[in-house]
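Position chain P against the provided structure of chain H, taking the given hints into account.
Protein chains in written order, with the working numbering: chain H, 1 to 335; chain P, 1 to 276.
No lab work stands behind these hints, which were simulated from the structure alone. All clues stand as given, with none of them false.
Quick list of simulated restraints, FRET-style, between CB atoms: (1) P:ALA264 x H:SER7: 52 to 62 Å; (2) H:SER19 x P:SER188: 45 to 55 Å; (3) H:GLU331 x P:ILE56: 19 to 29 Å; (4) H:PHE219 x P:THR273: 57 to 67 Å; (5) P:GLU13 x H:ASP136: 39 to 49 Å; (6) P:ASN189 x H:ALA283: 14 to 24 Å.
In the DSSO-like style, the derived pairs of lysine-lysine whose C-alpha atoms are separated by at most 27 Å in a straight line are: (7) H:LYS225 x P:LYS73; (8) P:LYS6 x P:LYS21; (9) H:LYS225 x P:LYS21; (10) H:LYS222 x P:LYS12; (11) H:LYS225 x P:LYS12; (12) P:LYS153 x P:LYS243; (13) H:LYS152 x H:LYS303; (14) P:LYS73 x H:LYS222.
Note that the Cβ used here is the ideal one computed from N, Cα and C, for glycine as well.
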Amino acid sequence: MTRILFSDKLDNCVAKWRSAGMTVIGPVQGESLSSYAAVEKAGDLSFGMVLPDRSLKELFFPQTEPMLRYTIKKNEIETADFTPPAAPRIIFGARPCDASGLAIDDPLFGWDYKDEYWFQRRNESVIVTIACTKADDFCMCTSLKQAPDCTKGSDVLLRPLDNNRGWVVEELTDRGREAFTLISEHIKESDETALPTVEVPEKFNLDTCVAWLQNPDNFDSKFWKEISMRCIGCASCTYLCPTCHCFDIQDEGDTYSGIRRKNWDSCSFALFTMHTSGHNPRATQSARWRQRIMHKFNYFPGKFSVNSCSGCGRCSRQCPVDMGITETLQEISKL
Amino acid sequence: MITQEKYRTTVKELLANGTIKMAIGYRPGSTPDRRRPLFIRTSEEADQLVLDSTCITNLSGYLVTEGLLSDEKQVGIFLRPEGIRSINILAAEYQLNVDQIVIFGFDSTGREVRPLQGRNAGDFSALLTEIKENPPLTSKEPLLERVEKMNAKERFDFWQEEFSRCIKCYACRQACPMCYCRRCIVDSNQPQWINTSSHTLGNFEWNVVRAFHLSGRCVQCGNCDRACPVNIPLRLINQRMAKEVVDGFDHFAGLSPTQEPVLASFKKDDTETFIL
Numbered sequence: 001m002t003r004i005l006f007s008d009k010l011d012n013c014v015a016k017w018r019s020a021g022m023t024v025i026g027p028v029q030g031e032s033l034s035s036y037a038a039v040e041k042a043g044d045l046s047f048g049m050v051l052p053d054r055s056l057k058e059l060f061f062p063q064t065e066p067m068l069r070y071t072i073k074k075n076e077i078e079t080a081d082f083t084p085p086a087a088p089r090i091i092f093g094a095r096p097c098d099a100s101g102l103a104i105d106d107p108l109f110g111w112d113y114k115d116e117y118w119f120q121r122r123n124e125s126v127i128v129t130i131a132c133t134k135a136d137d138f139c140m141c142t143s144l145k146q147a148p149d150c151t152k153g154s155d156v157l158l159r160p161l162d163n164n165r166g167w168v169v170e171e172l173t174d175r176g177r178e179a180f181t182l183i184s185e186h187i188k189e190s191d192e193t194a195l196p197t198v199e200v201p202e203k204f205n206l207d208t209c210v211a212w213l214q215n216p217d218n219f220d221s222k223f224w225k226e227i228s229m230r231c232i233g234c235a236s237c238t239y240l241c242p243t244c245h246c247f248d249i250q251d252e253g254d255t256y257s258g259i260r261r262k263n264w265d266s267c268s269f270a271l272f273t274m275h276t277s278g279h280n281p282r283a284t285q286s287a288r289w290r291q292r293i294m295h296k297f298n299y300f301p302g303k304f305s306v307n308s309c310s311g312c313g314r315c316s317r318q319c320p321v322d323m324g325i326t327e328t329l330q331e332i333s334k335l
Numbered sequence: 001m002i003t004q005e006k007y008r009t010t011v012k013e014l015l016a017n018g019t020i021k022m023a024i025g026y027r028p029g030s031t032p033d034r035r036r037p038l039f040i041r042t043s044e045e046a047d048q049l050v051l052d053s054t055c056i057t058n059l060s061g062y063l064v065t066e067g068l069l070s071d072e073k074q075v076g077i078f079l080r081p082e083g084i085r086s087i088n089i090l091a092a093e094y095q096l097n098v099d100q101i102v103i104f105g106f107d108s109t110g111r112e113v114r115p116l117q118g119r120n121a122g123d124f125s126a127l128l129t130e131i132k133e134n135p136p137l138t139s140k141e142p143l144l145e146r147v148e149k150m151n152a153k154e155r156f157d158f159w160q161e162e163f164s165r166c167i168k169c170y171a172c173r174q175a176c177p178m179c180y181c182r183r184c185i186v187d188s189n190q191p192q193w194i195n196t197s198s199h200t201l202g203n204f205e206w207n208v209v210r211a212f213h214l215s216g217r218c219v220q221c222g223n224c225d226r227a228c229p230v231n232i233p234l235r236l237i238n239q240r241m242a243k244e245v246v247d248g249f250d251h252f253a254g255l256s257p258t259q260e261p262v263l264a265s266f267k268k269d270d271t272e273t274f275i276l
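Here chain P stands alone, though its shape is the one from the complex:
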């Protein structure tokens, strides 16, 4: 509660003195356990701000939709550490200017919420390095371990079964801060790269393409997983690919706003003769 009150005051101050034009946070949802995104532009709206352990959604995607930052004014945003990593990746991929983003960082243990020190993306590098060294427990997910133990055939069958429920609503894409492409490859129909049908092949194509596209970019915020209306454990795929990229390239996505994107850069002295 103290953190929430302090942040309400800070947001009001920064709005009043014109530092930020808006702050993106959370407010109560339609049931006691739900929170919904809140766009704060006035002092009254700041009073609706809620900050507690149930504020989980990574809100950073809102920064890059419908030209919010095009007037070059500053916007505040409530972010957990993984959300700050998203900001860093978006900056590294030239989708936003970190100088426009005022970060209201927070994290929680159990029901306890605490603020994170810092306001600009660059202020959090020590914290993020610490997370890289000691990743949170979610990476030791039992279901992931179960899938890891499967042989190739069993694993294929597992994902075929999971993807059979996919309805191609693209909630995973829309909820993902990294899916900012103005025209997604599945929306391209001249030529039609990916089948639009949600049959077995089409569902595999979509989910595998997304997995590759997020490799070295996903921060495991879980937005896709929670957004999926048919409960496909999408986090497992991205978690596994993130591990692959850390192991192969020592690349922990979103460490800093200037971090070179791992799969979108190359070096002349690369030992590989082929670049994907």
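Chain H extracted, bound-state conformation:
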């Protein structure tokens, strides 16, 4: 026997969660872009896409976020903190690669300094993931040893039934069980089985790539210049990435008052490592692309025992010059 949530009951569930004070968020197809956004009814959600254009990351780590307001007076400096408002929410219809992206970043945000902005939002969010029954040419979760029904970072995993009729429910955490207790009246016992997950072909051998990256002789390999010659140095790959997490802290205002903000930053930019002296240790685009790959598959796993890539493929999908992690690791596999 399986437990099923039928699609025609989803609107009732959305209403139930909302009346319990939760914001309901899910994949929404906008006029020109898809993203995870707050909805008022189930009909506003869109489950047909492979994955939204924008990742789930920004709901936990927004592109720009105020941290504190400062006012400098004659004898004192007044500050007022901004912290995210307490806002319980349920994200219904996350993709497994987006949910696991959050789990990948958890150790980073909690390593030496516990990032309260990140963890407050993490603790208040229930992540309901839907296993993938379709993929496109850029999906590469299996190459990262993940899967279209990966449960990492999820509180509930749903497996679609045929004809969009609903989902088989697998609760994974207490937080997930609690959220689904609220809608238990809409969950039916049944002997139906879910659709199989999509077959995502493996595009490169991760172990071969990691071994090559870990070899210090390859740091200065000619490969880096060749593979990144066409990189134009924008941040589209890093900003759409569900795991890229670099930020900059900026004061906006004047000498006497202003707001300190936390803004996304990217290793693709020359300015990212520019020293005050004018010297730049990553002076060329190839050094910057090498850093991105090394960080994801060598330095990050060296520190946190997990690769900083969940295989969503957005970097390749959106790249203006058709580059991306997939091509780079495929080429490394061939070396």
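Leaving out everything else, chain P in the frame of chain H:
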């Protein structure tokens, strides 16, 4: 296919006899409808060259990055007419020497690709004048017409909505052949001229500054528009500003390598008392 084969042969010849050190073109991408930039230095690399109607990216920006032309050797490049205009502007703004650039011109109608006659930037002036007189249909874009009909408030709201998606990845800047500044104004932090945050004000500041900076310089190649990962119709802004400059100054950007930049020059007999 014939055009592609002919150009492969030409590139091989020019590489072999040492005329050019490299040719910048296109090769197959990760899906059948994608093309990626190709840097041809050998005969084998020339065999990867693809030239068809899906070769759209304006590649001219690669000429002015990371010192490609600093050895004064010649470089070949595949360009559509708007790419040739970019070369002319870069030359007029002293960013490159046109004598170093060997142009492999092409254009397409439907799926048909045809070569353009000429090798040097100056060879294309008749073609470019013809384009100035009869601009391609893209300038009659329905969305632009819709925006034109809006009143100021509606137009402001429209752009506010569009810019709300901006994440300041600067893909528009990086993809643009005209954005060659070694230090962009948004990267200047002493003083911080432009807010780095991608909130409403910061996004407006960035996109409006870029629009002004490209006035009289944009050739509407569409690189910015295609590069934008959040699908802001950036072409509309630059298209509108280009029209403004043509109407006000009869300046069609990139007609020749010696064309005076419209907003970076002045005349003593200018009728205006104020210069921006």
